[in-house]
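Undergrad: Sequence:
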Amino acid sequence: MVAELVLAVIATVDGCIRLGRQTIDTYRAYRDTDESLDDKIVVIEGLWAKLETQLTFLSKVSEHLDDKLAESQINLLLKLHGKLVQVTSQIDLPASTHRRKLKHALVKDKLDELLADMETWQARFDPTWFIITLIGNRVIDAELWESRRANPAKKAFDSSPLHSMLALRHAIRPQSGTVEPTDRINLSINLDSSGLKDARITPVPFSSARVVFRRGSDKLLISETVHSLGEDISHVKQSAENLARKLKCVDSRTFSLLRCFGIVKQYDESQRIKSMDMIYSAPQTRADMNPTSLRGLLLERKPVSVSAVVRVARQLVQSVSYVHACDFVHKNIRPESVLVFQGDDGSALGSAFLTGFSQFRDTCFQTHLKGDPRWHLNLYRHPQRQATCVQHRYIMQHDIYSLGVCLLEIGLWTSFVWYPENMNSDDATPVPGLGLGLRLSDTDFATIGAASRLQTKEHFVSLARKDLPPRVGDKYTNLVVACLTCLDPGNAAFGSERELLDDDGILVGVRFVEKILSKMADISV
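Sequential numbering from 1 applies to the sequence shown in my numbering.
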């Protein structure tokens, strides 16, 4: 990286840390004026502790950043710096207790504003921070291990963002020669199938996921079967194990993905693997708070707030960014692949998590070109990947297109797929929903050339431009259209496939953050 960018990163980080500490010290002086202020300050201190750890490490490894990643980090840091300058100029350090009490109301408002701004900024920063994990330079590993050894309190380090990065880098590059064998992190993902003996397993309607309660445990688990789809089972096994290790390290709250608990493998009489189930840890344990699939919620047709819609959409975008940065394609992004857990207040739209990892693959393995005619699956596929005879290998932009269809459906809050009978039956025959505005059947996708004839993509773009603005605004609409047209000729927003396949996967991560994630973060309701 050029020296000017290195110096810019270091200088901006130093400025942010200095202003951040000054801000925290100023607000601490008001702690004794009101108990509610004290609670807010504690939360802000926790956020800042995490952020300062990240910024300090960023400064240490700045010379090893890719130019594009460095520019992205600088732009984000300048926004944080500007916000901290504004905060420090509005609230000064009080000279007396009397003055502190007089300024109580102003401080309370500014604390609320600062907390909201920090959470918003952190949500934008974390994905770019995670991209550092992909840098192949061993200096990154050395700095992380040095931070671990320098911290005598293991619990303190394990709860820091550096531990998550260290574990994930170990999952990506387990053979790194920069660490001692005794320092390696245990990322074992193989589970004994006997652990699920006598477990109570309940299917989630309109989803491939199942809720698992083990005997003697109050921990809620989620399981999904991984399908080989005719591919070499050894390739599927390797991809599944690689993904499981990376999901074992994931920050569920940041990336809206369930943390992987492990993989259960079933063997035939010849001791060959016949099936694999991915097991995930759920964010909640209460039996009366089982998750619902996004499809199930859309079918209920209950009115929801715009803020809830945007929150679910944002969580879905965050999860796709992680999957792609880990060098995987999902291949199955649709409402059936999203689990939604109730909020703490009992609201149906709490936290959404991308699941449905039944057809995914590591990008290093060539995809198969066999399609299928099922219309309700082809609906979420780019025209290049529709119908029974597929002409193009699967790339990350195909996932981005599928994401666009889901964001359109979420924004309209209507189900494009409808089950007129046996609503909770897995055998129910789907038909096009009224909100889709198309008449489709499996036979439409049974022949070559179906994609160009049906023009589903053009219909979605038109539907987005016409119906989304009055519901969720222009920013959301433009985001959906950007996803749907990501492979259009002349659309260079995401670059060519060759450009996206850089050695470490950094460019695709930065592009996704810039073009999708940052624009989603800018949407406020």
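Keep in mind the hints are simulated off the structure, nothing from the lab. Fair warning: there could be bad hints in the mix.
Straight-line distance between alpha carbons at most 27 angstroms, and here's what the computed DSSO-like set of lysine-lysine pairs gives [claimed, not checked]:
no. : residue 1 : residue 2
1   : K40       : K83
2   : K68       : K466
3   : K515      : K219
4   : K331      : K519
5   : K60       : K50
6   : K40       : K110
7   : K60       : K40
8   : K466      : K83
9   : K50       : K40
10  : K68       : K79
11  : K515      : K110
12  : K79       : K40
Now the in silico label distances, taken between C-beta atoms and shown as ranges [said to hold, decoys possible]:
no. : residue 1 : residue 2 : range
13  : R253      : R21       : 24 to 32 angstroms
14  : S305      : Q391      : 37 to 45 angstroms
15  : G82       : K237      : 32 to 40 angstroms
16  : Q391      : V525      : 35 to 43 angstroms
17  : C389      : G82       : 48 to 56 angstroms
18  : G82       : E4        : 14 to 22 angstroms
19  : G343      : L115      : 14 to 22 angstroms
20  : D474      : T56       : 53 to 61 angstroms
21  : K108      : D344      : 22 to 30 angstroms
22  : P420      : S305      : 26 to 34 angstroms
Cβ atoms here follow ideal geometry from the backbone N, Cα and C, with glycine treated the same way.
Undergrad: Now tell me if each hint is right for this structure.
TA: Here's how the hints hold up against the structure:
1. Our distance criterion of 27 angstroms between C-alpha atoms is met by K40 and K83, whose separation comes to about 18 angstroms.
2. The straight-line distance between the Cα atoms of K68 and K466 is roughly 35 angstroms, outside the 27 angstroms bound, and the hint therefore fails.
3. Distance hint between K515 and K219 is unfulfilled; the C-alpha atoms sit about 38 angstroms from each other, more than 27 angstroms.
4. Proposed proximity of K331 and K519 is supported: the alpha carbons are some 23 angstroms apart, at most 27 angstroms.
5. For the hint linking K60 to K50, the alpha-carbon distance of about 16 angstroms falls within 27 angstroms, and the restraint holds.
6. Only pairs whose Cα atoms come within 27 angstroms are accepted, and K40 paired with K110 is accepted, the gap being roughly 11 angstroms.
7. Pair hint K60 plus K40 does not hold up; C-alpha atoms about 31 angstroms apart against a cutoff of 27 angstroms.
8. About 36 angstroms separates the Cα atoms of K466 and K83, which puts this hinted pair outside 27 angstroms; it is violated.
9. Between the alpha carbons of K50 and K40 the distance comes to roughly 16 angstroms, so the proposed pair stays at or under 27 angstroms and holds.
10. For the proposed pair K68 and K79, the alpha carbon gap of about 17 angstroms is at most 27 angstroms, so the pair holds.
11. For the proposed pair K515 and K110, the alpha carbon gap of about 31 angstroms is over 27 angstroms, so the pair is violated.
12. Distance check on the hinted pair: K79 and K40 sit about 22 angstroms apart at the alpha-carbon level, within 27 angstroms; holds.
13. Range check, R253 to R21: Cβ separation about 25 angstroms, and the 24 to 32 angstroms hint holds.
14. Separation of S305 from Q391 is about 42 angstroms and conforms to the stated range, judged on CB atoms against 37 to 45 angstroms.
15. The supplied range of 32 to 40 angstroms is broken by G82 and K237, whose beta-carbon atoms lie about 49 angstroms from each other.
16. The given range of 35 to 43 angstroms is respected by Q391 and V525, whose C-beta atoms sit roughly 41 angstroms from each other.
17. The supplied range of 48 to 56 angstroms is met by C389 and G82, whose beta-carbon atoms lie about 53 angstroms from each other.
18. For the pair G82 and E4, the beta carbons lie near 21 angstroms from each other, so the given range of 14 to 22 angstroms is met.
19. Taking the beta carbon of each, G343 and L115 are about 19 angstroms apart, inside 14 to 22 angstroms as hinted.
20. Remark: the range hint 53 to 61 angstroms for D474 to T56 is contradicted by a beta-carbon distance near 39 angstroms.
21. For K108 and D344, the hinted distance range of 22 to 30 angstroms is satisfied, since their beta carbons lie about 23 angstroms from each other.
22. The supplied range of 26 to 34 angstroms is met by P420 and S305, whose beta-carbon atoms lie about 28 angstroms from each other.
Hint violations for this structure: numbers 2, 3, 7, 8, 11, 15 and 20, all remaining hints satisfied.
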